[in-house]
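Student: Chains as they are written, first to last, in this note's numbering: chain A, 426 to 815; chain B, 212 to 526; chain C, 24 to 382; chain D, 35 to 299.
Just so you know, the hints here were simulated from the structure itself, not pulled from any lab data.
The structure displayed is predicted, hence computed values, not measured ones.
Warning: the hint list may mix true and false statements.
Claimed, not checked - Which stretches of chain B does chain A cover? Using the computed rule of at least three CB atoms under 8 Å from a CB of chain A, they are: (1) 242-251; (2) 369-379; (3) 495-501.
Stated by the list, open to error - Derived CB-CB ranges, DEER-like: (4) B:472 to D:272: 54 to 62 Å; (5) A:691 to B:493: 27 to 35 Å; (6) C:66 to D:74: 54 to 62 Å; (7) B:345 to C:48: 55 to 63 Å; (8) D:114 to B:493: 54 to 62 Å; (9) D:221 to B:395: 32 to 40 Å; (10) B:306 to D:176: 35 to 43 Å; (11) D:172 to C:362: 41 to 49 Å; (12) B:290 to A:557: 45 to 53 Å.
C-beta: ideal position from N, C-alpha, C; glycine also.
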Amino acid sequence: MSQRMLAGAGAAVLAITAHIAAAHAQDAYVIGVTGALTGPSSGTNGPPVEALRLYVDRLNAAGGINGKKIQLNILDDQAEPSKAATNAKRLLTQDNVSLLILSSLSSTYAPVVAESKRANVPLMFMGAVCPKEVYPPAQALQFCTTAYAGGYDSRATLDFIKGAAAGPVKLGLVAMAIPLSRGEIDYAEERAKTMGMSTVDKEVIPPPTADYTPFATKLKDADANWVFSWAPWVTQVKTFEALRRLAWQDNYIGWSHIEAEGELARLKDPKLYVIGANSFFQDRLPVHMEIADAVKKASVRYPAEQMTEGWIGGLVLEAALKKAGWPVDAGKVRTALEGVSVDTKGLRGGPLEWSKENHFRARQYYRFYRWDEAKAAIVQAKDWTAYEVR
Amino acid sequence: MSELGGQDADASPLTSDLWHLSSESVQLVVNIIVLAAIYALLACGYVLIYRVSRVMNMAHGELSMLGAYLLFATATLLAHHPIAALIVAVLMSIAVGVLVYVVLMRRMTGEMVLAAILTTIAIGILLRGVIVLVWSASEQHPLQALGFTNPSLPVFGGARISTCAALIVVMTALVYGSLFAFLRFGRWGVRMRAAGQNPLLAAQRGINLHAIYALAWSLSTLTGSIAGMLIALDSGLDQSMVVIGLKAFAPALVGGLDSLLGALCGALIVGSSEVLAIHYVDPLLSDVVPFVVLIAMLTVRPWGLFGTREELDRV
Amino acid sequence: MSSPPRASGYFRTDYADDYALLATRGARIWVALLVLALLAFPLIASPFQLDIACQVFLAGVGSLSLMLLTGYAGQISLGHAGLIAAGAFTVGILFRETNASFWITLPMAALVGALLGVIFGLPSLRLRGLYLAVSTLALHFVVIYIGGEYETRRGFSTGIMIDPPRVGSLEITDGRAWYFILLVAAASTLLICLNLLRTRSGRAWRAIRAHETVAETLGIGIAAYKLLAFVISSSITAVAGALFAYYRGFVSVEAFSLFLTIQYVAMVIVGGMGSLLGALLGAAFVTIFPYVIEGALLALPGAQGFASLLFAVNYAAFGVVMIFFLLLEPLGLVGMWHRIQNYFRLWPYKHRPAAGAHQ
Amino acid sequence: MTLLEVQKLEVVYHRSISAVQGISLAIQPAQIVALLGTNGAGKTTTLRAISGFLGLDDARVSEGAILFKGEHIENELPHRNTARGIVLVPERDKVFPNLTVSENLIAPVPHGVGAGEQRRRETLVYRFFPQLRDLRHRIGGLLSGGERQMLALAGAIMCAPELLLVDELSLGLAPVVVSALLQRLREIRRELGLTILMVEQSAPVALEIADYAYVMENGRIVLDGTAERLRSHPDIQEFYLGRESGERRSYREVKQYRRRRRWYG
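Here chain A stands alone, though its shape is the one from the complex:
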């Protein structure tokens, strides 16, 4: 037993070193990725990483950038802070990557940011909520391509509700019991007050919940006629379904996570709205087609419409590396990122532009979708509306 184990361990250690040696040997853009590929949040954080990989593979197949290939070193952090920290250290100090990409739960941010500061390597959040450090005035090393954005989302949503609502709005709010979601919903509550909406009930729901009905019951008894939820999709949709089971007939709006398009089609509920910054695949833009057949070719295990976030990450990466040129280092990549301006080809409402003090984007575009019974299809409840970021 023990010998066998020792032998195995030894072999594996050799393997690691070999692997790392390889990483050093080849001359390529070495990019590090740590994401929650397994564990609780992998449903949300897995697809972006998958999509990024897909995009980079296609770039490499097409000859790479500035004649150099891109080497993605992907590591799994299972959404565990300590694991993420170790991954970051490994990628930064051993594979010495010139850019670190993070797609995981917010709990992993602190350690990874600390590591990236220590190594002075830029860090790009992708498909993971944007920390406040990327908004102007942005911190030097942190960038974010993710669609959703604390604060702006609530603002846009409440404006939409105000516009769509006939009579007085009795607002119900739903958050998941994680600091991030709670913070945003609290902000929404504040803002609703200033906009003259009455918040009749606010539910903070713990992630593992056997039955959402008790929470829904409260919302219903509070007599809310609009419910806004800014939380992971599971919480949003399960609360909604529970409400409907209680024969609650009013309007529900949630953030359009990567699952949204498929879910709207599943639920077919005309009064369920989603607010998002990514266009749905039903628009059938060329870029959508491109993604779709890339997914088909590579036989990825996630549906194409979940690939948008990662694809945008890919676009940004490509643009940044083009600018950075060759030979490359972390500093060059950082300066490149600060000047990046990417045409999102309709995946977003407009281009994604970064400047020295704004690492989020100059303008945040929102679009609202819902299910239309007459057309038996998803329709736009409201087309792109831009919000200046400052």
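Model the placement of chains B, C and D on the given structure of chain A, informed by the hints.
Tutor: Then chains B, C and D, alone, in the frame of chain A:
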């Protein structure tokens, strides 16, 4: 309902209050019953295994989840025969239980209890990995795959319950009824109890312990899987199922780990306290409440409502 | 200590020998070599390997304290992660609110740990085994709940950042520095445990673990010693948590999930109950193994191509390894070691006579 | 032919401690054989080895053989041996504490046995132990020592044994009860033609009922012979029956006995 109440309110506050109160409280009772049923159905799995082998099966959550995923798999394969899919899934889940015992836990019989528990934890980790591997981590919807719908049924007093939730309640009643009968009158049931009380003597009296343990594991996995399937049918299927299974272990302990009746009452207590906490105190508490109840019970009556006191010294 | 007298006989000539930690010359030499190796490691190791080594030391401190509690005093606790969290949060909160230096925060963490130890220990006066484990588990959730509330209320939605500790003017950020700090921490914990176990309370704990009632009839104050065990173990654990907070530079509830507790229990069992050596071996095993598996998988040709699948495999593989280990060697690494020792000690005979069995 | 034969049996606990070192027994059908010896002599271990160990005993037969009707059964699981007809009445924990008396009797009945056969055995048992019929619905844990012993024997008989292994029948029971039980045992043996191997500390009890007896010390057999022969054996007289045989023995003789004991082993 609520709009109706609202209109009444303008007319005569008194009646509307009464009306509201009643519908609200009825809904509350319904919610309690449903949650309690879920917990009870999951909790009996812990009890079944514990009372024969003194092992706390920490993989119960994962096993329940696996059952649900098996249903999803059969549902997608046998798209047009939902009933067949259900039956196959149930049979497979039983097989899984037996397999887990025969292949793994069998070797742990007689080892340090803590080691056995850790083994179940390891099994849980393995299962989680395998499930992500096979079905990916994104949420699945067995209900659609089976082609069923889950309409909500009106209960008296304006309260409502979804079909699957109602099914859970019925199933729980069925499972517990048959388990009680089996353990009381069935010959294998008596053997099971005997093996639980004194495995050595049981073996010397010609009872095949491995058969008994395998039986316990299969029953436990079966009940757990049924719970998992019904929850998945009611509200979708993803990794969070694990934690629900783990939470159900509080009721089992509150009721007394070696008593089915206890598990039932424990589920009622925990379920109601959780729902009431959500409704009257603070929704945030809902995942702490079970453990608060647990601590309270452990300080007042450590061996649980219906548990046997000796258990304290046993483990 | 737990090691039985040497096979060739019992040569101790005065009581001092009985108390000597390193009984024989051989032992001294081995330890000296080990120390040298540990001191030399940073010179050859890459930062990543250093990081893993640091994790091993941190885990070592934690697992030693848990071994003290579970392996010697026989009190099963599933509140370990909660205690680590308590230590870490003490640092985090003190740093955030009062900007205290670690000269203050570390002792405070130990103090908080000790206090929590009393609370965690109270159930043990009535409960045993599984029931005790569960009550401590419940307390774990309470601690996490409180920590989470603090984070949200103060708006640290992505965890509490902590500056690296500074001695005089220089900040401790360098991996090597941390390596030595944590090495010292682990080593001193080991010494503390060794000495504790040779004191009256150490003997009392073993008596309690062996048989509570008998211990009581021997006039050992069960309650006091149980609480003492909890207090000491908890304060060490809390310090481990504090060190974690400083080393990682952050605190957040997600870092102290139930899985962490499981890992520590795994360390104790995989290492082998009732052996400090086991605790350390277990810590190393449980910490390093996931990386070994991961490395092996990543080294597969074109591994990055199917990363998402790969990591699912990696996740499952850890479970498989644990299972096999527990099935093949429930007594843990140390059990394995003792079996081998036994074999050579009794050679050419197979078995010890029953008369000599009870040593 | 001999019903049970034990050859040079060695049993090892925890993979390292040997409790029984090369003992040999032979038991003829319908015989009552007694195993005598002081505490820790390895009597119970021998009995357990014959009936079979469980994983949780962490014990195994490392050397030698156990033959039942010429069939090797060393390291066989207990329930298999019970099916063969080897049934043990253990020394402690001999009833299921939370089962009623009747459940205690039903539990052992093997799967194959039909309801009719089961009822037949029950009536048989109740004939041997009429007291149990009245206690039918009492919880096993609430029985007195004597009643427990009866229930234990009854439970064993429900398994339709050929070879009954009885561990410390007399332990902690009043002499009256013991003699009653012995009487019952004789009847049972006569009616069912059982073979009985009993372990006893009290030699008088054992030698009263047994046809043949073995004496064990430190995991070895040091003496054996028919009950009469042993009853008259001086060492047995002095060390087990505690009778003064004429003049006090000198220390030398005692040492001689000890040496002799070693040679026997």
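Student: Each hint should be assessed against the structure and marked as holding or not.
Tutor: The hints, checked one at a time:
| no. | hint | result |
| --- | --- | --- |
| 1 | 242-251 | holds (count 5) |
| 2 | 369-379 | holds (count 4) |
| 3 | 495-501 | holds (count 3) |
| 4 | B:472 to D:272: 54 to 62 Å | holds (59 Å) |
| 5 | A:691 to B:493: 27 to 35 Å | holds (32 Å) |
| 6 | C:66 to D:74: 54 to 62 Å | holds (58 Å) |
| 7 | B:345 to C:48: 55 to 63 Å | holds (57 Å) |
| 8 | D:114 to B:493: 54 to 62 Å | holds (59 Å) |
| 9 | D:221 to B:395: 32 to 40 Å | holds (34 Å) |
| 10 | B:306 to D:176: 35 to 43 Å | holds (41 Å) |
| 11 | D:172 to C:362: 41 to 49 Å | holds (47 Å) |
| 12 | B:290 to A:557: 45 to 53 Å | holds (47 Å) |
Taken one by one, the earlier hints all hold for this structure without exception.
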